[in-house]
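K.L.:
Chain by chain, the residues:
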Amino acid sequence: MIGGAEPEGEEEAQPAMSYPQLRRELIDVERATLLRLRNEGLLKPNVVTLIQRDLDLLEARLQDG
Amino acid sequence: MAKGVAHAVAESLADAPDDRLRRNAVRALKVAVDDELEWRLGGPVDVIVRADETVSGGGAFPDRELLIFITVGVVAVTLVGQGLTLPALMRALRLTGERPWSVDEAVARLEAAQAALDRLDELEAEGRVEIELLRRMRDYYRAQFRRCMP
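As they're listed, the protein sequences go chains E and D.
When we follow this note's numbering, the leftmost residue of the first sequence carries the number 1, and every step to the right adds one.
When we follow this note's numbering, the leftmost residue of the second sequence carries the number 66, and every step to the right adds one.
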């Protein structure tokens, strides 16, 4: 865990993610889910576009910051 | 006032999807208006209250009535003027509130939010995210669920 003692013999823990890193990771997960739903024919393209736009804006704000 | 507005707007932009951004921007505008009212009324009312009938020495306060008239006029014009133009400004900025989701969109957003929550669980197990950040992001995605509840 973060800040905890590192148990012996375990691999070195990866550094904690920053907010922008985490946000991008989660945005990517959301995008992948949308594409899966679209590819499975469960989601209309216009709905995908609407949600993608929000995700794009979120990501753009991360870049601006 | 500018500091208060900047702070409110910065907070609203910190972490918001499009609809939440609009909601928070409306909140920031309300804060701005409150600040403006305090600034606009606080100073002039002070001026009126402090404009004694007489000045030290016993003479009449020069142009006291004119001063009060101008002060009240400025307050009225700026408040009414801004009050009348604020709705137009909000319309121009398209701050019209939340767009309702269709059933398809709601289902897709919930599915995406669930996937993100699952990923957060994985990252927590890997010890890669600070507790506070985890809480913040979980709250964000849970809010998506709440938005779909009646």
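Any given hint could be a false lead.
Stated by the list, open to error - For the chain D half of the interface with chain E, some residues (derived, Cβ under 8 Å), not all of them:
id, residue
1, V142
2, L144
3, D169
4, E170
5, A173
6, A177
7, R200
These aren't lab readings, by the way, just hints derived from the structure by calculation.
Quick caveat: nothing in here was measured; it's all calculated off a predicted structure.
Quick reminder that beta carbons are idealized off the backbone N, C-alpha and C, glycines included.
K.L.:
All hints are to be evaluated individually against the structure, with a verdict given for each.
P.N.:
We went through each hint and held it up to the structure:
1. V142: Interface hint status for V142(D): violated (37 Å vs cutoff 8 Å).
2. L144: Where the cut-off is 8 Å and the nearest Cβ of chain E is about 34 Å from L144(D), the hint is violated.
3. D169: 5 Å, holds
4. E170: 5 Å, holds
5. A173: 5 Å, holds
6. A177: 4 Å, holds
7. R200: 12 Å, violated
In the structure shown, a violation is registered for the earlier hints numbered 1, 2 and 7, in ascending order.
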